[in-house]
Amino acid sequence: QKNWVAMLPAIEFAINSARSEITGYAPFFLNNRRMLRSMIWDNATKTEYPGVRVFAMRMKQAIISAHDSILESWVKQTRDANRKRRTIPFTEKDLVYI
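In the working numbering, the protein residues as written are 1 to 98.
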């Protein structure tokens with residue numbers, strides 16, 4: 001991919017607005033105590049601000065693509081980790097650290 005530098009802001013937006021399954025929060029929310037606003041305008045018409053609309057649509061597509069890539073990566077990492085996972089050899093009344 002040759003335009004990765006131009007896509008970095010959208011990728012950062014996607015990563016910072018993606019909710020973590022572990023914490024239940026997005027990184028941006030944990031840092032700023034509020035969520036990012038999306039770049040979707042419901043009130044603007046198609047003829048109003050065409051350059052802004054084109055930019056917003058490109059950024060939206062980049063964010064969707066980055067979000068899908070993040071999810072795909074999480075699934076792959078989980079699958080790879082589970083592939084090498086062994087069953088727990090502990091039995092009842094074994095002393096273990098928790």
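Since the hints were made in silico from the structure, they are not lab data.
Just so we're clear, the structure is a prediction, and the values are computed from it rather than from any experiment.
Treat each hint with caution, since some may be false.
[Claimed, not checked] If you anchor each label on the Cβ, the simulated ranges turn out as follows:
1) 96 / 23: 24 to 34 Å
2) 71 / 91: 11 to 21 Å
3) 93 / 22: 49 to 59 Å
[What the hints assert, rightly or not] Straight-line alpha carbon distances no greater than 30 Å define the calculated DSBU-like cross-link-like pairs of lysine-lysine that follow:
4) 2 / 60
5) 60 / 76
6) 84 / 2
We put the beta carbon where it would ideally sit given N, CA and C, even for glycine.
How the hints compare with the structure:
1. 96 / 23: 24 to 34 Å: 26 Å, holds
2. 71 / 91: 11 to 21 Å: Once the Cβ atoms are compared, 37 Å apart, the range 11 to 21 Å for residue 91 and residue 71 is violated.
3. 93 / 22: 49 to 59 Å: 31 Å, violated
4. 2 / 60: 19 Å, holds
5. 60 / 76: 24 Å, holds
6. 84 / 2: Cα-Cα ~35 Å, so violated.
Going through the hint list in order, the structure does not satisfy hints 2, 3, 6.
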